[in-house]
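A.B. asks: Residue strings, one per chain:
Protein chains: 2
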Amino acid sequence: MAQLQPVLVDGQWRPAKNTGVFSPLNPATRQPTGEVFPISSREEVEEVIEAAARASEALLGIDSEARARFLERFAGRIEARRAEIVALAHTESALPVKPRLDEVELPRTTGQLRQAAAAARQGSWTLPTIDTKAGLRSFFAPLEGGVVVFGPNNFPLAFNSAAGGDFAAAIAAGNPVIAKANSSHPGTTRLLAEEALAALKEAELPAATVQLIYRTDHQVGQRLVSHPQVGATGYTGSRHAGLVLKEAADRAGKPIYLELSSINPVLILPGALRERAAEIAGEFTSCLLAAGQFCTNPGVVLLLKGAETEAFIGLIVEKFRAAAVGTLLGEGVEHNLGHSVAALQQAGAELLVGGAAGGGTGCSFQNTLLRVEGRRFLATPEQLQQEAFGNASLLVVADDEDQAEALCRALEGNLTGTLYTDRAGSDEALYQRLAPILRRKVGRLLDDKMPTGVAISPAMNHGGPYPATGHSGFTAVGIPASLRRFAMLQSFDNMRPDHLPPELRDQNPTGQLWRCIDGAWTEGNVPAKT
Amino acid sequence: MAQLQPVLVDGQWRPAKNTGVFSPLNPATRQPTGEVFPISSREEVEEVIEAAARASEALLGIDSEARARFLERFAGRIEARRAEIVALAHTESALPVKPRLDEVELPRTTGQLRQAAAAARQGSWTLPTIDTKAGLRSFFAPLEGGVVVFGPNNFPLAFNSAAGGDFAAAIAAGNPVIAKANSSHPGTTRLLAEEALAALKEAELPAATVQLIYRTDHQVGQRLVSHPQVGATGYTGSRHAGLVLKEAADRAGKPIYLELSSINPVLILPGALRERAAEIAGEFTSCLLAAGQFCTNPGVVLLLKGAETEAFIGLIVEKFRAAAVGTLLGEGVEHNLGHSVAALQQAGAELLVGGAAGGGTGCSFQNTLLRVEGRRFLATPEQLQQEAFGNASLLVVADDEDQAEALCRALEGNLTGTLYTDRAGSDEALYQRLAPILRRKVGRLLDDKMPTGVAISPAMNHGGPYPATGHSGFTAVGIPASLRRFAMLQSFDNMRPDHLPPELRDQNPTGQLWRCIDGAWTEGNVPAKT
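Protein chains in written order, with my numbering: chain A, 5 to 534; chain B, 5 to 534.
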């Protein structure tokens, strides 16, 4: 048996205090990758939390420049070890090396770290607010205690718990991270954490600013997110496991930001189909890329009854049949996809194509399309809104516009919602009827574009109403907004000038920090009293 | 028996569908005020929620100017009915007519409504963010469904569920309000809701934008905060009742903003005592105003052992003994205060003065001071941090600076934390040791000032870590930040220009809306593409 991999606790790679072990599989071969990882005990988790709490306090006295430097050094180190990281991520996830891992996801990861560095350095994410008359000044500041990050299976780099979006946001905001690796790519996470530790030393940050464990049992996981010395948790993953953690965190009054599941409804209005059915079919089918394993994969397509709709459905059935079947991220994904497709069928959906495991290399499932009539959907909307994570989508055909509106109203919270309309304007009246309803069910509303891509932009919202996430006021992607999840609002009242944090003193510390002074945003100083 | 007061549902004052009744008491006489109010049934609550949900959808199509007009008309109408409102609030709360209700709290209430109107009109609270390169635009927008507001007992006007801070914030952000009156001042709440309804008509807003019920049983209350069609809840009140509601809301994934309890530690460092003990004693004792019934009343004072401390304690004991005993807000407050003082004594605190019910007119409790040594406090920190809401405070005397630091570390989350230091600078080293610890336990840190006043300022934070509130990222006081509790983040991706909300179009809708365009805050338009 291979040697048990160490955990990273308080700056040391050390043998785990574990209660068990696990061995990840290569999804393309269904064979073990050859590495063995520990399941951490409660004792180990307590040590990690305490070390993070000490680092959290130390970070309060270290300026943001050091955090920015760390994030940049870390990005550089990931690039320097690029081939090894990409190769192991490929072994563990079966995602293609090129273009996906090497040309898309790794640059996204390092770009995100550098954006987070810039945000930390500039500081405007803290929304400094100064009321000169009342003698009050406020901003967002780091939490007390470390931030726990649970990364998902589907982005081994860009959402990795030791290098991805939540990691970058938590560190940039001034918090240490306790990374809980996703069990499907623990080796990739270890490589990233190795570089993080080296970069911490270079930037002279506390060694416990980044720690790594691989897995815990449920009870220890609940302790982790509800511990008095933990600041907050970021979790991306299955709804079931997420809700177990949410309950524990909620009971303890600890913030937990969840990205749980989303079926990302796409409404294709009749004029759009008449105008460009083939083009839209192509866009839709391109979502089979990476076997549809995206948080924002279009899982439900809403259409209105008619000849064009039937022709469109025929077209995408053909395309789904013809498209190569991708390898899934693991046996769990394969199993769950089969389970979800069966559940949708039990709830009344009809199978148009696919529906069975296999068809590709290793873990795989046939490209699958299901169909259900609007009336049927409305009878059991909850069952028909189960996420089928992977290369499967459900088409819902509404009888008429009234039913289409009713379907929109029956939708749960989602990350995205999309409306395709014709350029000529014949869909406009229906758009105006449906968009206001859809808009409040989703975190991001799109016109004429599949929702799969998630740009790292200040105006991105990768969020949405429950059950897509745990709170519709926050985004997991998009800097600087994503940083504010891992921060607390602090107000300073009647403070002596030298007792104020630098961001809130009269003089703008860099001349580049945006602050709202007496109601106006400015990069200037607080005006001298007259 | 007096006639049962009606409820306000969907624009109509109508007989309640009730399961019981209650009769509030005048705390100054312990006699019924003469009015009788209904306990609403689940059926009634469902009707209220549905009407609010319809109003929520209608409000999405009405511009913010109408909401601003409503808030201003409402403020004007409160002023026009001032004498009657103040008189009933006095009867129900026993708070003095002058200066408190008439000269302080009523103007605060109308000022707050007008500030909220200005925020709604200007719109900058929505943090519009535009990324011209990525084609993404985001802002904060109203929730789907009404906002439930549970007001506290201690501010019958300024935190009233039908006119106070949460009400103003929720409406300004574009949400209808379901007001759940505090059972200690239902009549005052009814008068306010009458004026709100009239103002709604004048402003031509949906009639269900403001609704009022008075009380429910626990189960119906839990349904109210967890209903699928409710957007969020704002609650200010006791920790116990708040946590019951929090659990129900959390389970349903519904945001709930809680202000639960706070002991507001005040640390008086040795140099400050040497320099100005009498002055500080005066400031501290002035917190007996309104019988200490403030969320930010200084409930715990931390001192360091020494002769000056003993002299200071002697001074405030005298002042507490000499000060008039105020009337409490009701029998519940009187009972709970007795219970809390007894619990503190059981946990090892020694009674210095007071400790028994009575001493004032009607519901009252002697001005009470307790003392405990630092070592004892550290042995059972949870028991000794129970809030004693009213005119009671606990003095904690630390052996030395190390113990003072340990005491700071043992503090739970609070709304405020205060440090008094000397002007000469002899306390500075200890300040630098304690302030960073205290800072992250509290929402607002103060220098040399009692925390009782809560200015309505953009830089105020009336919030803090759990258990002071449910989430340290939000404030209940301070416009515009308080509005963002009742909003969701929405991103618009690839939208046709005329499909965008006005706030996110190229042209700044008013020339006064602050927007972050490509990283810079501006009141200008989106620059034309070159």
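A hint or two may mislead.
One copy or two, either will do: identical chains are not told apart, so a pair holds if it fits within one copy or between any two.
In silico EDC-like cross-links for lysine to aspartate or glutamate, where the CA-CA straight-line distance does not exceed 20 Å [said to hold, decoys possible]: (1) Lys137 x Asp452; (2) Lys533 x Asp106; (3) Lys453 x Asp135; (4) Lys205 x Glu47.
If you are wondering where the hints come from, they were derived from the structure by calculation, not from laboratory data.
A.B. asks: State for each hint whether it applies.
C.D. replies: Against the structure, the hints come out as follows:
| no. | hint | result |
| --- | --- | --- |
| 1 | Lys137 x Asp452 | between (48 Å within a copy, 17 Å between copies) |
| 2 | Lys533 x Asp106 | neither (56 Å within a copy, 33 Å between copies) |
| 3 | Lys453 x Asp135 | between (43 Å within a copy, 17 Å between copies) |
| 4 | Lys205 x Glu47 | neither (26 Å within a copy, 62 Å between copies) |
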